[in-house]
Amino acid sequence: MCNIFSKKNRHIRILNYEQHTRPLFIIPGTGGKCHSFRMLGRMFRNTCSLYGLDMMGAGRGEAPLKDIPGIAAQNIAWIREVQPSGPYRIIGHSFGAYILLEMIKQLEAAGDALDFAIVLDQALEKTFNPPLECSEADFMMFLAQGYFESFKVLAQPYPEWVLEMKAHIDTLPPAEMMPYITACISDRIPAVAGKVEYFSRLVNLRFYNDTMTYVPAGKIYAPVILLRAGKNNWQGMEETLGWSAFSDNITVKTVPGNHYNLMRGKNAIEVVHVIKNSIAACERSSAFPVVPVL
Numbered sequence: 001m002c003n004i005f006s007k008k009n010r011h012i013r014i015l016n017y018e019q020h021t022r023p024l025f026i027i028p029g030t031g032g033k034c035h036s037f038r039m040l041g042r043m044f045r046n047t048c049s050l051y052g053l054d055m056m057g058a059g060r061g062e063a064p065l066k067d068i069p070g071i072a073a074q075n076i077a078w079i080r081e082v083q084p085s086g087p088y089r090i091i092g093h094s095f096g097a098y099i100l101l102e103m104i105k106q107l108e109a110a111g112d113a114l115d116f117a118i119v120l121d122q123a124l125e126k127t128f129n130p131p132l133e134c135s136e137a138d139f140m141m142f143l144a145q146g147y148f149e150s151f152k153v154l155a156q157p158y159p160e161w162v163l164e165m166k167a168h169i170d171t172l173p174p175a176e177m178m179p180y181i182t183a184c185i186s187d188r189i190p191a192v193a194g195k196v197e198y199f200s201r202l203v204n205l206r207f208y209n210d211t212m213t214y215v216p217a218g219k220i221y222a223p224v225i226l227l228r229a230g231k232n233n234w235q236g237m238e239e240t241l242g243w244s245a246f247s248d249n250i251t252v253k254t255v256p257g258n259h260y261n262l263m264r265g266k267n268a269i270e271v272v273h274v275i276k277n278s279i280a281a282c283e284r285s286s287a288f289p290v291v292p293v294l
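Residue 186 in this note's numbering sits at position 186 of the sequence shown; the count goes up by one each step and never skips.
Treat the hints with care, since some could be wrong.
What the hints assert, rightly or not - Taking CB as the label site, the calculated pair distances span: (1) 167 / 249: 46 to 54 Å; (2) 158 / 266: 50 to 58 Å; (3) 273 / 146: 40 to 48 Å; (4) 18 / 113: 20 to 28 Å; (5) 171 / 273: 50 to 58 Å.
Honestly, the hints are just simulated from the structure, not real lab data.
Nothing here was measured: the structure is a model prediction, and the numbers come from that model.
We treat Cβ as the ideally placed atom computed from N, Cα and C, and that holds for glycine.
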């Protein structure tokens, strides 16, 4: 079973379901959605359930959350709908690893344990707001152009009204930028209005995630398994990519692929192999309760 949402909560994506197993949860990167983990879900058949958590802001009419501790708290509330108490097993990819760090801190502060935390190719370092040393309006337009060109909503050379739209969003606060862009494009090209509304949500979510300022802090006690992508060059960074400053229990492994494709195709086989070995080690050492069905 994959790409199906919980009947109770459409932010909880059921990537694989196996009855009577302790589940895995996966936190996506700045895109905020877990649809790209469908293949990963299939690879856990006959092993365990895998749930992806689509971020607030991915759904129609939702506003993205504005800080990483807030996203972490929301994710914890969602995973408790599936598994009311720990120990938990959580994966964080890319930006999702920052959220994972905060989730671990909050769970441990509440007295909950983790069997393990899997970090997929992400260093722990300060994030900056805004990125690329550009204005918020420029960055919003940069993201919007990328999405709308990729999905053939707009194409260069842009018509004059697109340039006028860009000039106007320079005057708007971030919360009003994407609604204005959505309305402009939908008015000019009514045939793509539905597509524009959907992709606008993704652009807006990506904007908020990419423009958060965050400074990692604190200490965690959960076992951390860092999977570094073999083709990704973390130039100048030590082996643990900064995680050893926050955890004394960290294992580092190198897996095939780069930051973006390590969970796709044949590259995913080694990632899943490491995770399954971690699950097997936990289950050899302790019994666990049946998890309620969503």
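To see whether the hints hold, each was checked on the structure:
{"no.": "1", "hint": "167 / 249: 46 to 54 Å", "in the structure": "53 Å, holds"}
{"no.": "2", "hint": "158 / 266: 50 to 58 Å", "in the structure": "39 Å, violated"}
{"no.": "3", "hint": "273 / 146: 40 to 48 Å", "in the structure": "33 Å, violated"}
{"no.": "4", "hint": "18 / 113: 20 to 28 Å", "in the structure": "22 Å, holds"}
{"no.": "5", "hint": "171 / 273: 50 to 58 Å", "in the structure": "52 Å, holds"}
In this structure, the hints that do not hold are numbers 2 and 3, in rising order.
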